[in-house]
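Novice: Chains A and B, in that order, are what the protein sequence lines are. Note that my numbering has the first sequence beginning at 1, numbered continuously upward. Note that my numbering has the second sequence beginning at 1, numbered continuously upward.
Simulated from the structure, these hints should not be mistaken for lab results. Given the structure is predicted, the values throughout are model-derived calculations rather than measurements. Even for Gly, the Cβ is constructed at its ideal location relative to N, Cα and C. It is possible that part of the hints are untrue.
Covered, in the sense of this in silico footprint (three residues per stretch, anywhere, with C-beta under 8 angstroms from a C-beta of chain A), are these stretches of chain B [what the hints assert, rightly or not]:
no.	stretch
1	51 to 57
2	64 to 72
3	82 to 91
4	136 to 145
5	210 to 222
6	269 to 276
7	286 to 293
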Amino acid sequence: MSSRAQILAAVLANQPTILPMPAFQPFSPTGENSFDKFVATAKGIGSSVYFLSGIAQVKQLIYTNFSAGRIISPIEELSDVAEFDFADLDAHTLEDVELGVFKAHFGVAENSALWVTEDLLGKRVSPFICQHLMLLVNKTDILQNMHQAYDRIGAANYDFGTFIAGPSKTADIEQSLVLGAHGPRSLAVVILD
Amino acid sequence: MIQELKDHATLADDFNKDEDRVGWHDDTLWWIREKRDKIAWQVPDWELLRDAASNIKDHVLSNLNPYLLQFEANAIANGITVHWAADAAGHNQIVLNILREKEINKLVKSKSMLTEECHLNDFLADNGVDVIDSDLGERIVQLAEEPPSHIVLPCIHKKKEEIGALFHKHLGTPEGNSDPQLLTEAARHHLRETFLSRKATVTGINFAVAETGEFVICTNEGNADMGAHLADVHIACMGIEKIIPERKDLGVFLRLLARSATGQPITTYSSHFKKPRENQEMHIILVDNGRTKQLGREDFRNSLKCIRCGACMNTCPVYRRSGGHSYHYAITGPIGAILAPNLDMEKYSDLPFASTLCGSCTNVCPVKIDIHQQLYKWRQVIVQNGYAPKAKELSMKMMAFTLSSPFVYHTAGKMGRAVLKYAPFTVNNSFNPWYKQRDMPEVPSASFGEWYKKNRN
Ligand code: SF4
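Bound-form chain B, shown alone (with noise of 0.2 angstroms):
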C-alpha cells in the first residue's frame, strides 16, 4: 500500500485538504466524546471504577504467566481447542490450517482488531479463503478496499454518501441514495445470506476469564453472536493480555466499556462463550506478536492494559484532525503510535510525534493508562536508537499541523492562547527540538478566537 511509504504529518497533510471533512470529522468526533462525558458523570465512583480496572489489569500483567496456564487448562476443559501464536504469521496459518482441515474456503468474520493486526484477510486471501467482515462498518471499508480508520468506528471517515455509492455498485441499491435506514437494511439482508451460509466464523474477544475458561464479546449489532452461533466451527482470536482473573472482574469492565467507547451504558450484546454446541468446534488462539517484549519495556507496559474503547482517539485534537488513515497502522490514534513502534520502531518512528502531548487521552482512558507520558518517552527511545534523524523535521510538521488547526478550541483553547503557543510542548528536552523559541513556525497573528471563527462560519 502506498499509505505505508508515507508518514503521519505527510498523510494528515492529505486529509486536510478536504476542509470541511476535516472539520466534519472533527466534530462527529468530539460529539462522541462528550456523549461519553455526559453518560460517565451519571455513575457514582467511575473513578474508583477507572481505579479498579487499572489495578486489576496492573496485577493480571505481573501474574500473566499463571492466568495464562488457568485460562489455558479451563478451556480446556471446557471443549475448546487452544493455539499458541508467537507473531501474525503463526496466527494466520492457525486459522488457515483449521479451515483446510475442515475443508472450508469461506468464512465471516466479526470485529476483531487482532486480525488486522496481523492482516488476517490478506493471507487468507491469498490461500484462496474468501472472507466476509459483518460488522457494518468493516463491511464498508472492506467494500471500499480500506482499512479500517477507528478501532471502534471503522468507516467514521466515509461520508453516507460515499457509502450509498459502494452498496449501490456492490449490494445494487437504488443510485444515489444514502439514507442510512435503507443502507443498513441492505446490508442486514446480505449479511444474513452471509450468515447462514458460512461454516466457519472468526471474532475477537473482549475479555478472558482465567478462573472459568469461557470469554466475552461484545457488539451492539448481534455480528459476532448470528456468526458464532450459526457455523460449525469458531475460531476466536485474543492478544494474550485479554485475560482477566474471574468472573466477577467483568463487573468492572462492562461498565466502564461501552461508556467510555460510545457514551452508552452498555453494548447490546455481552455474550460469555464458555462451552462449544453440541458438534460445534470452538478454537482460541492466543496471540504474542509482541506483546511479550512490550511487556518487558516497563515503560510501555502499561499499554497492555487497554482495553480498545477507542476513547483516546475520540477525544485527541491530533487525530479528530487528521484522521485514523495517517496513523498507517491497525490500531490508530492515540494508543496505536503506542503499540506500533513496539513491533517496529524504525518504520512507525513517527507515531509518537502525531501528539500534542496535551493528556487528553490519559485523562479519558477508562484503564489509566498514561498515554501522553507513553508518547513522550518513546520519542526519546526513538532518537536515542537512531531511528529518527528525522525527528525535528515530524516535530516541526507537526507543530505546522497543530497551529493551523481550530481543534484548540476543545481542549487546550480553553487554557488560552499562550497554551497555544508554548504548550502542550512544555517540556524541555533536547529530544523535543521545537521547545526552542527560535525553531517555532510562526504563529498565527490573529487571537486564537477571531482565526476560529474567521474560518469556521
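For reference, chain A alone in the conformation it holds in the complex (with noise of 0.2 angstroms):
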C-alpha cells in the first residue's frame, strides 16, 4: 500500500465522530478607532507613517530619505523617481535593491498588517529583497481586524500574498530586538488621503 493509501486509511480509521463546524462567530468590535489603532500599532513595531495627499509627495517622501541607490515600484506613476520594469528580471538581481515602494489592498488595524498580493509586487521576492520598504494604502482601506480582512480578502485568486507588518526582525540573541534580519531594515507606511 502507498503511504498515501495508507495514512489516509489510518486517519478515516481513527478520526472520531464528526464535530459540527462551529458557527463563526462575530466577534464584538474593539469600539476604537481603526485609524488611531492602526497609526498606534504600526509606529509600536518599529514601523515610521506618514500622511500624504497624493504621489507628488510621496516622491518627495522618497528624495528626502533616499537620495542615492536603487529604487524599484510597480507603481508607473512613481516610473519617473523608480525603476519600473523589473518584472522579467531574474530575482537574484533585485539583491542590490535599496528601497523598494509598492502599494497594498488594505492594512489592519489591530496589528497595522497590510495585505499585499503578487500583482502589486512585480516580482514575490521584491518586498523582502529591499533595504528598505514602503507600502502605500488609502485612508480609507484601513479594517479594524483579521476577521474583516479575509472577508475582504474573500475568494481573491491570488498566486501570492503575504500580510507585512513592520520591518523584518529578530529578537534570537537574548531576546534584544534587532530591526533588519533578512528582510527590510525599515517599512514605511504611508497612508494617502
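Starting from the two chains in their separate frames, assemble the complex, guided by the hints.
Specialist: Shown next, in the form of C-alpha cells:
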C-alpha cells in the first residue's frame, strides 16, 4: 500500500465521529477608532508612518530619504523616480535594491499588517529583498481586524499574498530586538488621503 | 547523542548546576509570558477566539480524511506536487529524492519543527547535502551543534557572549564582541549570501487551507520568504494536522498565534503560498509519523490541535527551570511531553513526569488543549504498560527538583505555602506515588518567601 493510501486509511479509521464546524462567531468590535489604532500599532512595532495627499508628495518623501541607491516600484506614476520594469528580471538581480515602493490592498488596525499580493509586487521577492520598504495604503482602506481582512480578501485568486507588519526583525539573541533580520531594515507606511 | 541516554530529571540537574543561568532563563521566559498576557488582555473576546480555534481544530480532526483529500486536490490544481510520508524516514527520503533529481546538494532551510522531529539535517548531511538553517536562532544552535531548546525561540538557553564566540569562530566577527545588533548584522550578510546561492529551500507550514490548497508560513525575520522566492525548488513540509477548512479561518488563528507566542500582534510576515512562481517547482510533503496513531488515542487526540506557539513552555515552571534540552525531544516543554511518548513510550516515559500538573499550560494554550490532564493520563498509561518501573523514582526526583526551585513564585506561589507542600500533587491515585505523605521529600523549613529572598537577592 502506498504511504498515501496507508495514511488516509489510518486517518479514516481513527478520526472520531464528526463534530460540527462551529458557526463563525462575529467578534464584538473594539469600539476604538481603527485609523488611530492602526497608526499607533504600526509605530509600536517599529514602522514609520506618513500622512500624504498624493503621489507628488510620495516622490518628495522618496527624494528626501533615499537620495542614493536603486529604487524599484511597479507603480506607474513613480516610474520617473523608480525602476518600473523589473518584473521580468531574474529575482537574484534585485539583491542591491535599496528601496522598494508598493501599494497595499488594505491595512488592519489591530496589528498594522498590510495585505499585498504578487500582482502588486512585480516580483514575489521584492518586498523582502530590498533594504528598505515603503507601502502605500488609502486611508479608507484601514480595516479593524483580521476577520474583516479575510472578508475583504474573500475568494480572491492570488498566486502569492502576504501580510506585512513592520520591518523584518529578530530577538533571537537574548531577546534583544534587532530590526533588519533578513528582510527590510525599515518600513515606511504611507497613508494616502 | 549522550543526552538521549539521560532522563529529564538528570538533564534538569545538569542545567541547574549553573544557578545564575537558570534564574536568567526563568526570568526571560516569564517575561515573554507576561508580554503574552498583556497583549491577550487587549483583545476583546480573547476567550471566544480560543474557543473558536479549539472548535475549528476539533472539527478538522473529526473530518481529517476528507479535508486532506480536498487540500491535496486543490494544491495539485494549483501546480504543486504533493507527497505523502508515513514516517520520518519516508519524509527524509522524499526530500533527498527531489534534490537528487535536480542534482542539488546545497539547501537553505527555514524553521520547521517537523524537520527537527524527523532529523532531516543529519540525514541529509549523511547523504552529502549541505544544509544551512536560516532562522537566526536555528543558525546559532546549528553552529553550536545543538538541537533547538524551544520551538519558537531555538537558542533561548544561550547567552550573547556564547553566541559572540560562535560567530567569531564561524563568521569572523570581532573577538569578544557580543552586541546583538552587530551579531545580527553579521548573520544577515552571511545568510543573504546563502539565500542568493542556494537553488533549493525547505520550509515548514503553519496552516494549510483545504478550501484553496494554499499554505501559510509565519516568520518575523523574512527568512522563509527569502529562501522560497529565490530558490528554484521549494519543499514545504507539514504534519497532516496542520489543515484548516477555509481561508477565513486564518483570521482566528493569525490573531492568536503571535500574541500567544511572543506577545506580538502578528508576525512580521504571514505569507500565503498558493502557486509556484513561473519555472519554480513547489512540493508539499504531508507527514504522518505517529499522528494517525495519536488521532486514535482518544485521551491524547487533542494534542494534535497544537499550533506550535510555545506559550505552554514559556509559562511552565518546570520548563523554565530545567531548560529545553532536558526534554531530549524535538518538541520541548509540556506539549512535547505529550507528543513524544506517542512515538516511543519507553524512551520518553520520563517526560509526562516532568510536570507539576499546575495547569498553567492549559490556561494559556490558544487552542485550549487540556495539556496538564493529558500529562496526568500519560503517567497512567505508561505505568499500566510497564514502561515505568522507575515511575516512583522519577516522581520523587521531580518533587525534589520542584521544591528546591523558587519558581512557585510565578505560579503556585500565590496560592500559598500549603499548595507548595501538597499541590500540585493533589490527585490521589496509586500512579502518583508522591501523593503519600511519607514519601515526600523534606520540605525546606524556611517559609518559601524567606527562602526565595535569601536565594534570589
Ligand atoms: S500546546 Fe498549546 S500552548 Fe503549547 S505550543 Fe501547542 S498551541 Fe501553543
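Novice: Could you work out which earlier hints the structure fails to respect and list their numbers in ascending sequence?
Specialist: none
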